[in-house]
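Listed below are the residues making up each chain.
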Amino acid sequence: MFPAAILWAQDIYFVQSQKARVMSAPSFKGKIMGEAGKGTKLISSGREGSWIKVGFYQKEGYVSSLLLSKYPPMEKQTLIKGNEADLRQSVRRRASTYTSAAAARGLAQDDRRRLSAEEKADYGGLEKMESLSVSSHEVARFMEGNKI
Amino acid sequence: MRRNVVIAAAILCSLLPQAVKAEANGNWRQRTSSESAITVREDIAEEIRFGREIAARMIGRFSLYDNPRLTRYINLVGQALVQNANRPELEFHFAILNTKDINAYAAPGGYVFVTRGAVEKMQDESELAAVLAHEITHINEKHIVKELNIRGSDDSASSGLARLIGGGTESARVAFYQAVDKALDMLFQSGYKREDEVEADRGAVLLSTLTGYDPSGFVKYFERISTAKGKPTEILDKTHPGYADRIALLKQTITKENIDSASLKTFKDRFVEVQKSIK
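Just so you know, the protein sequences line up as chains G and E, in that order.
The working numbering puts the first residue of the first sequence at 1, with every later residue one more than the last.
The working numbering puts the first residue of the second sequence at 1001, with every later residue one more than the last.
Next up, chain E with everything else stripped away, as it sits in the complex (with noise of 0.2 Å):
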């Protein structure tokens, strides 16, 4: 018996480095567990600092939309989605970009943009909630971060080598740049990953409901923008999946995971409202 305990141990001993090795190479959360805070932390702030560049971009792209109360209710939306959102450690920033075209986007590190365009052709807050929570999604999933491999260190040989040859040069400056351009090509001209976006539509509406709003709300936005006159979804048509496709994945969602509607809010009046103030 003691020497059955002796070999098992031994086999735990054996198994637990790879253990270790395999959840290094997984999602952020498992390198939590397996490499220094410090590494994470890392991890975070590059994170953050990409998504800043990525948002100074689209803001000198579009301009802030100046508009306070709208500012200020987009961010009570946007506030309220993030109390259930899973990335307790990201600061969330929520914003209108001053363009007519219809699209919302999401940058790394919590900085969701929404459009003025967007904002005039909704009708109601669950509507808007179901967008900004559809932003929400890709950043908490770290859907740019994960496709462009973005980490505050690597402890690749070739990036160790990379880091003794060329570290603090201006090609970390020009790699930098160059990531930062391939996340804005994503976003307004090849899209994210099929799956990633349905991961955010699925996101969506169970971030919607979870914070009290109608995920329905996010099938009328897209019946009526789908008809929209012409091109303010250039952007979003190109990046997107098809609205039917997408429309079928969002009622199919609200079916299987037993969502009543009729029980949660769309908070229309409110919407209404503060929507008059757009000029």
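If we strip away everything but chain G, and leave its shape as in the complex, we get (with noise of 0.2 Å):
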């Protein structure tokens, strides 16, 4: 016969956030076994609650489901950031997208009357709250309590 473990193998899951502690039980008071970097493939054993079981280094420890996912993590994804006609143009390419959603989940006449009455876009202040940025490395000291 055919083995069952070749047709279905272990699952494979990959760390998502910047770095994942692997916990020595399924708990938070569990000891810190040590992290996992970003990327980090981990094959794991089972689940128990909002934790994965996972081989590290011989042993088996446990890791938040919160920070893993099935497949490695993805570059980040920015759009050229332009003014409101941009925007707009951007919208106008893909009738697909939107139609079925909005058809099918769409609002009653009078509530889009009133929506679009009440909600002015301003994209001056998006694009404000869009340069702000803070590094990792000001993340961190600020994680350690310091001052800002």
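Please keep in mind that the hints were generated in silico from the structure rather than gathered at the bench.
We put the beta carbon where it would ideally sit given N, CA and C, even for glycine.
Do not take every clue at face value.
[What the hints assert, rightly or not] Partial pick of chain E residues on the chain G-facing surface, computed with a CB cut under 7 Å:
#	residue
1	Ile1048
2	Asn1086
3	Ser1190
4	Gly1191
5	Val1198
6	Thr1209
[To be verified] Rough simulated footprint, nothing fancy, chain E against chain G, three-plus residues with beta-carbon under 8 Å:
#	segment
7	13 to 23
8	41 to 48
9	55 to 64
10	139 to 147
Mind docking these for me? Both chains are given alone in their own frames, and the hints should help you get the complex.
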């Protein structure tokens, strides 16, 4: 017979966060065995609550399921930031994306009229929001308790 | 033996297309393995485009609170949380909305807002972190994106037809803005699905804890704002489950996850110092 184990391989997970702590038990109170960096491939042998049991340096440990995915982490995606016209232009390209969603779940005409009257877009404010950035070094120092 | 192997291989080959199809209908990460990378990039780009429009409308409605020190502080707390989030493909942005309303919002693609009124009501950094973590979880779990089925491409026959008939036309623009209006209606009127709110509250506890913050700050914050005078929580109240239910769930999650609040940070002094900059 063809062994089932060949058909269904063990689960493989990849770390999505910058670092993932590997704990000795499926609990925040477990001992920290070490850290696995972003993109690290971990082989899982099960799940306990919100923790994934993984192999870690010939031992078994547990990582929060929040930090793992079955697929490698993707590169950061960014849009070319543009103005209102740019944003509106991008909308024109694809009818299919929104037609079904809006038709199926669309608002009543009165609701749309109300929202359109209430909501004005502020793209300048949006670009201001997007322009603020902090480095990972600053974040690390901040989490050590430094004042800002 | 050789015949059995051939039969098993044939069965495997016949099952694979179905497995791939099942994955394509599943979540976006599953789509990653079954469809081209271009499709996935399109999905994410569309999520960001959609989120940008919603974010621009939110800022248009309330305006940004002009306080560079507090804004930078909120970004530091937010980015600390994001380092433990599972959407490395997104660039997260954090801002304060200039309103006395007590609330926080998330737009798809990584746009997180907290109101000035909410920050005024908080007493330490763990409370702020929990509120931001709740919103980050809405984004991480794609609650609006899934509800409105926002995708960069759609391989269904009907949408293919729609693309041929209506692609690049005014109808696409109208459809886009209808979806944006629906998302805004969810944020201001109808709310997320109850299970999405539960997931966001649970996610907030876990994300706060993983980042080093005491998640019981969320409980204290809810206990305080549940007695707020006037109507600063009007939108929050009508779009979210009741405070008693949420507090019970948070306490249950903290206990179940075996979280030792005493060993985690609240950074009260630092928070109070920055909070003073609110005029």
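Here is how each hint holds up against the structure:
1. Given hint, Ile1048 (chain E) at the interface with chain G, holds; its Cβ is 5 Å from that chain's nearest Cβ, closer than 7 Å.
2. At its closest, the beta carbon of Asn1086 (chain E) sits 4 Å from a beta carbon of chain G; the interface hint therefore holds under the 7 Å criterion.
3. Against a cut-off of 7 Å between C-beta atoms, the interface hint on Ser1190 (chain E) is violated, since the closest Cβ of chain G lies about 10 Å away.
4. Interface restraint check for Gly1191 (chain E): the shortest CB-CB distance to chain G comes to about 14 Å, outside 7 Å, so the restraint is violated.
5. The beta carbon of Val1198 (chain E) is not positioned within 7 Å of any beta carbon in chain G (closest approach about 14 Å), and the interface hint is therefore violated.
6. Taking 7 Å as the C-beta contact cut-off toward chain G, the hint placing Thr1209 (chain E) at the interface holds, the least distance being around 6 Å.
7. Counting residues of the segment 13 to 23 of chain G whose CB lies closer than 8 Å to any CB of chain E gives 5, so the stated coverage by that chain holds, three being the minimum.
8. With 0 residues having a Cβ less than 8 Å from any Cβ of chain E, the segment 41 to 48 of chain G misses the three-residue criterion, and the hint is violated.
9. Remark: the segment 55 to 64 of chain G is not confirmed as covered by chain E, as 1 of its residues place a Cβ nearer than 8 Å to a Cβ of that chain, below the required three.
10. A stretch counts as covered by a chain when three or more of its residues have a beta carbon under 8 Å from one of that chain; for the segment 139 to 147 of chain G and chain E the count is 5, and the coverage holds.
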